[in-house]
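Undergrad: Starting from the known structure of chain S, arrange chain B on it as the hints suggest.
Chain by chain, the residues run as shown.
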Amino acid sequence: MITREDVENIAILSKLFVPEDEMDSLTKSMQEIVSFADTINNADTEGIEFDNINNLSNVFREDTVKESLPSKDILKNAPEQAEDHFLVRNHA
Amino acid sequence: MKYELVAGFETHIELGTDTKIFCSCSTEFGGEPNSHCCPVCIGLPGTLPKLNKKVVEYGIMAGLATNCEIANVSKMDRKNYCYPDLPKAYQISQLYMPLCNRGYVELSNGRKIRIHHIHIEEDAGKLIHNHGDTYVDYNRGGVPLIEIVSEPDIRSVEEAREYVEKLQQIMRYIGISDCRMQEGSMRCDVNISVRPEGSQELGTRTEIKNMNSITFITKAMEYEYERQVDLIENGGQVVQETLRYDDATNTTSSMRSKEDAHDYRYFRDPDLVTICVTDEEIQEIKNKLPELPQKKCRRYIEEFGVPENDAFLLTKYRNISEYFDKAIEGLKKPRTVSNFIIGQIFRILQTEEDKEAFDIKVTPGQLNELCKLLEAGKIQNNLAKSTLDKMLESGKPYSEYISEEDMAGLDEGFVDELCRQAIEANPKAVEQFKAGKEKAIMAVMGYVMKNSKGKANAQDVLAKIKAMIG
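If you read the protein sequences in the order shown, they are chains S and B.
All you need for our numbering is the position in the first sequence, starting with 1, plus 37.
All you need for our numbering is the position in the second sequence, starting with 1, plus 51.
If a hint is listed, it holds; no wrong ones were tucked in.
When the alpha-carbon atoms are kept at most 30 Å apart in a straight line, the in silico DSSO-like pairs for lysine-lysine are as follows: (1) B:Lys412 <-> B:Lys423; (2) B:Lys177 <-> S:Lys113; (3) B:Lys488 <-> B:Lys506; (4) S:Lys52 <-> B:Lys126; (5) B:Lys177 <-> S:Lys52; (6) B:Lys490 <-> B:Lys506; (7) S:Lys113 <-> B:Lys139; (8) B:Lys139 <-> B:Lys177; (9) B:Lys347 <-> B:Lys384; (10) B:Lys101 <-> S:Lys109; (11) S:Lys52 <-> B:Lys260; (12) B:Lys130 <-> S:Lys113; (13) B:Lys130 <-> S:Lys65; (14) B:Lys130 <-> S:Lys103; (15) S:Lys109 <-> B:Lys130; (16) B:Lys412 <-> B:Lys447; (17) B:Lys377 <-> B:Lys406; (18) B:Lys101 <-> S:Lys113; (19) S:Lys103 <-> B:Lys104; (20) S:Lys103 <-> B:Lys101; (21) B:Lys101 <-> S:Lys52; (22) S:Lys103 <-> B:Lys339; (23) S:Lys103 <-> B:Lys177; (24) B:Lys406 <-> B:Lys339; (25) B:Lys501 <-> B:Lys429; (26) B:Lys412 <-> B:Lys436; (27) B:Lys139 <-> S:Lys52; (28) S:Lys109 <-> B:Lys139; (29) B:Lys377 <-> B:Lys441; (30) B:Lys447 <-> B:Lys367; (31) B:Lys346 <-> B:Lys383; (32) S:Lys103 <-> B:Lys139; (33) B:Lys130 <-> S:Lys52; (34) B:Lys441 <-> B:Lys429; (35) S:Lys103 <-> B:Lys126; (36) B:Lys177 <-> S:Lys109; (37) S:Lys65 <-> B:Lys139; (38) B:Lys104 <-> B:Lys177.
Just so you know, these hints were derived from the structure itself, not from any lab.
Given the structure is predicted, the values throughout are model-derived calculations rather than measurements.
This is chain S alone, in the form it adopts within the complex (with noise of 0.2 Å):
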């Protein structure tokens, strides 16, 4: 069951601000959102090994190295940038 004391506690740890008149809201479709995944939890896996749906393991990469970004490439999508690095402002 997911109460508003879940909803306000996941917007801290998201740093997300939620405004109170969508509490009730939100949490009722985060309730259906959780209750539509459980649909899964309630599938009979009795006998029956599953890993993923491709049934893969050991994907691996070699350890060679390829090229980059160019760094004004990677800083592209920045909402802010300075001097080549991200730059996160302080809005405290």
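TA: Same frame as chain S, but now just chain B:
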């Protein structure tokens, strides 16, 4: 009342792979900011991480070298937290099924510091704080780490120091990390509590985060021990919290308390598949591991009769012990080589860094040849020493400095003659020796050694002189 210190370590070690853990960007230290980055390591949507095979291999090596059980099946998890050093807002790590479990590191006092587990994970980016703003460089983001989590088995600052040094030495030996604390490739979090001596219960602990020097670790632990004891003695209680150590003031201060402790909401990372390692594969890696320093040290002492302290110095860095192993090939007395390394060679390698690099001009083969001459009795120790000094300077073989004539040995009759002369020339010393002053004979011997240009065998000369006087 006396209080016992109880500490456990979480040690982060950057692995020396060429590429990051989940993408092919370079792990090289330095570099322009954000120049070793790609969509995977800055966490752009739609990218798929792919595990670097070498990270698994190195992780297993670390586990084997610290007596861990290697998991046949392990998995990657997401550790969720929101901070600018993590572009994805989660770190890919291992919680539920780490790669290595239940190991230990043995200290010189015989105590075993148990290792709870070792897991593999990605490093976070580097933050530079400036006037409240934060500048982020993601070059380090995604660099592979192992985290070695010990049990709270450490009981003193000295044990803590040795534990960290041992880990550093072992990881360098097996070649998975350079463990340079000042560059941040080895960092420690220390969990520390105190309890009345004799008590079996654990006290409330605090955690000192992210220390990158052994000096800081020991100072921070000393400070924190005193602080906790003071608190308890004055009727207070230790609060479980995370602390940061400030080396400028040598104090710890609170970062966050238990109340606002992180809730990481760990869960299996759905982007990464299970890691399966067979016993055969583990054995194969085991076979490739070099002899570990502790074992090597014991072998030098037991097999070669090297004094304990010398054996410790020889095995402190892998380069030295490898040099020693090569230089003793075919020698009857490996101690000759160890004496030369610790005497002549260490004299020109002043700093620990120099010793670790062990970059000298004389090859192990050249030193071996010199020692063989000595063993064959063709030259005497003094000549060998002075020749080695010259070789260390020039890098040329002994044949540049020792002639056939030097090696020809001395005619017995000539040595006898020199001894007679020596006794005649030093009547006073002879008298003193006869009167019971043992050391006086050294002057007589010195005369022979000097006039034979160091070629005479000191032991023989001493025997001859004593026989003549007696």
